[in-house]
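Asker: Work from the hints to combine the two standalone chains into their complex.
These protein sequence lines are chains Z and F, in that order.
Quick note, in this note's numbering, the first sequence goes up one by one and the last residue is 339.
Quick note, in this note's numbering, the second sequence goes up one by one and the last residue is 338.
A portion of the hints provided could be inaccurate.
As the list claims (entries may be wrong) - Here are the computed lysine to aspartate or glutamate pairs in the DMTMM-like style, where the Cα-Cα straight-line distance is at most 25 Å:
#1 K182/F / D283/Z
#2 K27/Z / D44/Z
#3 K227/F / D37/Z
#4 K12/F / E71/F
#5 K56/Z / D225/F
#6 K148/Z / D313/Z
#7 K23/F / E131/F
#8 K187/F / D266/Z
#9 K186/F / E64/Z
#10 K153/F / D37/Z
#11 K226/F / E317/Z
#12 K333/Z / E205/Z
#13 K45/Z / E64/Z
#14 K182/F / E51/Z
For the record, the hints were derived by calculation from the structure and aren't laboratory data.
Listed below, chain by chain, are the residues.
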Amino acid sequence: MGYFITVEKLDRVLKALSESYEIYGPKLFVRGGRFTDTDMIRYDKVASWEEMEWSKRSDYSFKEVLLPLRQTLFYFTEDRVKEADPERTKGALIFLRSCDLHAVKRLDAMYLRNGEADYYYSRLRKKVRFVLVGCQSAGESCFCVDMKTNVSEEYDIGLNIREGKLEVDCKWEEASALFDQNCSSKTEVAVDHVTETRTRVKIPENLSSAIAKASMWEEYSRRCIGCGRCNFVCPTCTCFTMQDMYFDENGKTGQRRRVAASCMVDGYTDVAGGGAYRRKKGDRMRFKVMHKVYDFKQREGFHMCVGCGRCDDICPEYISFSHVINRLEEGMKEVCGDE
Amino acid sequence: MGMDIETGKLKKNAFRVTKERGKTAARVRVPGGRMQADLLEHIQKIADTYGNGTVHLTIRQGFEIPGIPYEKMPEVNRMLEPVLQGIGTKHSTPEGGYDASGTRNIMACAGSSICPYGCYDTTAFARRMEEAIYPNDLHFKVVFTGCHNDCAKVRMADFGIMGMNEPRLDPNRCISCGACVKRCEKKSVGALSVHNFTPVRNEQRCLGCGECVLACPNGAWTRSDKKLYKLTLFGRTGKRNPRLGVDFIKWVDEESIIKIVQNTYDFVHEYIDRDAPGGKEHIGYIVDRVGVHEYLKWALKDVTLNPEAEVYQPLYWTGVTYTDQPGGYHYPKVNMKN
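Same shape as in the complex, but just chain F (with noise of 0.2 Å):
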């Protein structure tokens, strides 16, 4: 008897639709990347007592346990239940593993309880976010960054967040000794100059990125209490208009960005294209479709942001677009509707 199985179902559910006959993969999504350690015991039992013994790590912070037969897919969601406790990943059926693969998993970087760079507990705010739009089967990625050094690569994300701490300076522990302004002219945006022997610094060209408090042998500098972000919209890699995301809302807070991205479901269930292959349109796309006046109507509706928060007008994307001119591809200077 022929294999019958809905792969509709097998996605949602997080597993895939492999190249090999008969096989599949399971997918395991570890939002924020970190894990206690003893839960890859059960992801190694899988692989070997159904798979073929091999894990592949997932560009975005995940398991992908190949070679497992479509028929053994209830007894590894079985073995998957003590991953999904123990990672805390929300699920409606005890022991039938996930409820929905579109949202992709929640990406951190090692953030501030591990880099020195980082400005703020990357997981932690990851796991708040996969708390507040997990399970959805929207396409939706949104990776945390602990700095403006960006490891995580939230410019090639639906939604980024990249921490910000606003640097304060107590001119009576300055020294004069001119560390913070080199820093912030060799590794950042030289936002710092110097008068009467003392850093000043330009507000608007500041990115929060901490290295001025890095670099004080003092502690002249030192972080704000307040924990800030900068929140980047619609970078996407892909075929048809890779390109990176730009930058939204700069000092915006946490509340205001959860906001934001649930907002975004509101907008994508309103406007995305039913026909679409698969059901499927990427954010990005549907914003280039419908405009990003339309967009930001709904993104903002509701939303209180804090006083800090400058917002960035007008927004403009690029990226590479495939055209047949000499090449076959060029930038176009803009792509959007406005």
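Excised from the complex, chain Z in its bound form (with noise of 0.2 Å):
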């Protein structure tokens, strides 16, 4: 069902379902950003509507909501282990866009089903709605509707941004009374989507993993200068990391956590007795990219990437991820010829 609302109104329905769910949404950190007098916008828990800033992309995405970037798994005592407490034990109420509800179906993959379910993950993923807030407009970077992620309705929530009202469709029972109450009146409501964006992607039909011999990576070990930036504000990259910290007392006493990991930075493909598997920049970048929009639809049947456009924007060097997938033609040509 369908409902104009205003914020106010708006607001009244999320401090009822605050009861039961910590509401997470994009916030601008004013001078929070890199460089001085610059803000930042990322997840964090909101209280209304104001809050939240959807004038631009978040910098940062979602993903760290149910995927804390240091998260205690276990505290440990001579031959005792407690399991840690829940960073959020209410349900959790996230707004996000088109591409980032398309990136929560990735992390569900990684997580729920690459074998055995995640015990961490699963315990943030229950009791999570989302509300898909509809795209006007696409970002400069933005190249969804090449990866089919404009459209989305696995929705709890659709959210349509209006002049001074917004536009509601519900699909969550427990929210629909809510709306019934405080609504303005009622309509049809089609959560907004993009059908163009600037930026476009082509993905070669004839993509193998030939394409690691092409001369194309040689220039990222050049440019790229193994940050990570691109994986840590990707809404679908999961890797983590294990580390055992030990209390400075007695160091018998201390904590296991995971901590989020990037495959662009330095360690990553270290194993024992010093070797790496990968310790060119251009390397790791065959390595992402392959998965983002190769490999992983091998296992999956869709592709990794969600085509948000974070990685673009924040490259410190100018790399531009959708320009590395454009290239990605001409390197298997180089590979295997015309035919």
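Answerer: Put into structure tokens, the structure is as follows:
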């Protein structure tokens, strides 16, 4: 059922829902950016619609809500272990765009269906509801249409931003009653989505691991600094590493935590004996790109990359991921000839 | 009839006595080093109409327009009016040009409005300093630089201001990639070490340069809201004893810096050697003569330093001193009365 609702009334709905749900949305951190007097947008708990920033895409994605960057798994003391309490006991209501909602499907594929379901992910993934915020226009670096993530039906609440009010489509019963009480009027609502983007990508049909031999990757050994920003902002990057941290005083107690990891950062492929599989940045780039637009799909049937474009915007070296995708065709020609 | 001009007056009016008999050069100051581009047109017009068609870009972020006949100074001042107004230079007489040239143009590097390393808006602070001290006939050099790279070379000025941003760590965003530690080690002072997979900042050593914030891929490091600075004192070039300015106060705020510079004018008024050639004696040499304790008494009068401020004591300068020893110069360890 669809509704017109004022921002004020939406906040009432949020307030009521906040009894059993933490609300998360993109928030502007004033002067929280890298450079002096620049801001940053990233996900955080919010209490009202106005606290959320929709004028620009968030620099970092919603994934931090489900995958804390640094997550304590358990505490240990000599022969005893205590599981860490969950970061959140309430449910979560996450406001996001269509590309990010598609990213949830990727996270689930990794953590729920890729072998045994991950205990800690499942714990935070339970009781999560999604509010899809419609896109009236695409950002400069967005390429959701080509990645087929511009339309999304998997939402609990859909929302369009209109002059002075909001349109809501609610598929979630618990919330419907609240919208019934608080709406200005009822209406049919289709969540906004874009049908074209300025940035376009084309993944070649014949793409295969043969591309590893293409010369294009060498350029990235030169240009990429291996900082990992592209991974950390990516809503579908899910890698982590483990840390056993011992408390200083006696060294017998401590905590095990998992921490976000990046395939672009030094150390990711290090193995015992001092080996490392991908020392060159170009190799790391090839691995990342192929995982995002090739081999993940072999397994899951859909591409990992959702085309949000965050990695393009965050790269301090102006390496454009969408541009790399578009070079793959030429790369395949180089390694396979023109047939 | 021979030319009859009072050179002292024209110098204060920011004209120069040049090598070429009968010709002066007009000097235009750009505090903070930034101006609207359309004002350049006036500079060009003056050079073409009254000068020799060339402009010298001065070392201190100004323009020097040479080849101007002395008698054209009033006309040049008239043509300079839109430039003074456009830049916002205070002047007592409309179309009368500059009121003073003793206190030199207040310089600034590109600062945070352009440069990724800049820790504050250098031009804006330079303009506020200009407001506080210009016009003045005393020879003062105040320079602003955005960070400890010191591209503006503030350590060669009487007062050097370097931006400092206190870095703050949100450990929950730290993923132990080590980028900040490496960066600080290689590009700054090595103020970061690692403990339990997390960077630890040596607060004493940290320069507040912001390299860790720039290096962090995850926004774990951010800059403090409050803009603080390092103030360096009494660097100088010149013949007798050129030297770099030394750190005076770390993490000091804007208000304190302005007050200290203003107080220094009072100190110089009190102690300047009035028999010095041209009545000019640079602050540093006055302090050398009078003693740093006496100077600090004046400089810090009625200054309430912000709680973060750390004052360096004692202050020592070194630099080059010329002697009749082999080589003709040496670097004394300390040449200050303290």
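Asker: Against each hint, give a clear statement of whether it holds in the structure.
Answerer: Evaluated hints:
1. A hinted pair counts as satisfied when its Cα atoms are at most 25 Å apart, and K182/F with D283/Z qualifies at roughly 22 Å.
2. Among the hinted pairs, K27/Z with D44/Z is consistent with the structure: their alpha-carbon atoms are about 6 Å apart, no more than 25 Å.
3. For the given pair, K227/F sits about 10 Å from D37/Z by alpha-carbon distance, which is consistent with the 25 Å threshold.
4. Restraint check for K12/F and E71/F: the C-alpha separation of about 16 Å stays at or below 25 Å, so the hint holds.
5. Between the alpha carbons of K56/Z and D225/F the distance comes to roughly 23 Å, so the proposed pair stays at or under 25 Å and holds.
6. Annotation: proposed proximity of K148/Z to D313/Z holds, straight-line Cα distance about 20 Å (limit 25 Å).
7. As the CA atoms of K23/F and E131/F are separated by approximately 32 Å, the hinted pair breaks the 25 Å bound.
8. Taking the CA atoms of K187/F and D266/Z, the gap is near 19 Å; set against the 25 Å cutoff, the hint holds.
9. With a CA separation close to 31 Å, the supplied pair K186/F and E64/Z exceeds the 25 Å bound.
10. With a C-alpha separation of about 23 Å, the suggested pair K153/F and D37/Z falls inside the 25 Å cut-off, and the hint holds.
11. The straight-line distance between the Cα atoms of K226/F and E317/Z is roughly 29 Å, outside the 25 Å bound, and the hint therefore fails.
12. Our distance criterion of 25 Å between C-alpha atoms is met by K333/Z and E205/Z, whose separation comes to about 12 Å.
13. As the CA atoms of K45/Z and E64/Z are separated by approximately 11 Å, the hinted pair is consistent with the 25 Å bound.
14. Taking the CA atoms of K182/F and E51/Z, the gap is about 36 Å. The hint is violated against a cut of 25 Å.
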